[in-house]
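> Construct all of the structure, not just a fragment, from the sequences and the given hints.
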Amino acid sequence: QQQVKQSPQSLIVQKGGISIINCAYENTAFDYFPWYQQFPGKGPALLIAIRPDVSEKKEGRFTISFNKSAKQFSLHIMDSQPGDSATYFCAAIKRTSGSRLTFGEGTQLTVNP
Amino acid sequence: EPEVTQTPSHQVTQMGQEVILRCVPISNHLYFYWYRQILGQKVEFLVSFYNNEISEKSEIFDDQFSVERPDGSNFTLKIRSTKLEDSAMYFCASRLAGVNTGELFFGEGSRLTVL
Chain A
6 QQQVKQSPQS LIVQKGGISI INCAYENTAF DYFPWYQQFP GKGPALLIAI
56 RPDVSEKKEG RFTISFNKSA KQFSLHIMDS QPGDSATYFC AAIKRTSGSR
106 LTFGEGTQLT VNP
Chain B
19 EPEVTQTPSH QVTQMGQEVI LRCVPISNHL YFYWYRQILG QKVEFLVSFY
69 NNEISEKSEI FDDQFSVERP DGSNFTLKIR STKLEDSAMY FCASRLAGVN
119 TGELFFGEGS RLTVL
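Chains A and B supply the protein sequences, listed in that same order.
The number in my numbering is simply the position in the first sequence, starting from 1, with 5 added.
The number in my numbering is simply the position in the second sequence, starting from 1, with 18 added.
Where hints are given, some of them may not hold.
If the Cβ cut is set under 10 Å, some of the chain B residues that face chain A in the computed set are [stated by the list, open to error]:
#, residue
1, Val22
2, Ile44
3, Asn46
4, Gly58
5, Lys60
6, Glu62
7, Ser76
8, Phe83
9, Glu86
10, Phe124
11, Gly127
Everything labelled a hint here was simulated from the structure, so no lab data went into it.
Even glycine gets a Cβ: it sits at the ideal position worked out from N, Cα and C.
Listed below in structure tokens is the structure:
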């Protein structure tokens, strides 16, 4: 019940296209859903995050869509750029107790020029 | 910009040997974490540390693992007797006090290779 399922495992997109990464969770106690971006040789870095009482959050070219009833959320990268090529992890946390972030399996995004 | 620093960047060790991975969290952060990432797999929680004690640990964090904050700046992960399956990238992370928003600041990792 602690798992976060992420798909696809890898994604290739042309420059200017839209990248979409999907995640699903089971534990309804999760109350915050961050996305992390990881470049090769680096640690994960927070990209954007959403609370479950919000259906959508946008920051620049990055948008999270959240469907609480389906227990699903997704990351959309508009106008994808080669510099967006990285591994993306969705994650979930229950903020008021426990400290652990539960990560999805990761999506390796490649944006071709 | 303040950052989490980790040493060594890569350590190769023989099975059964002890290793210590070191981290210097961001100076005003109060919560500290270790995560690991086996090559090509997801990032997994190991342990969290607050107020000089473990606040939570995962099933992975068995008796072979220990953490310590020996002084005001360092945070260490010790693996007492390494196994082949301990080979992974180990990430230290830290965060500010207050409600956990899931915003952790990660270091660049220490790659451990157990032969």
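> Hints numbered earlier in the text: which of these fail when held up against the supplied structure?
2, 3, 8 and 9
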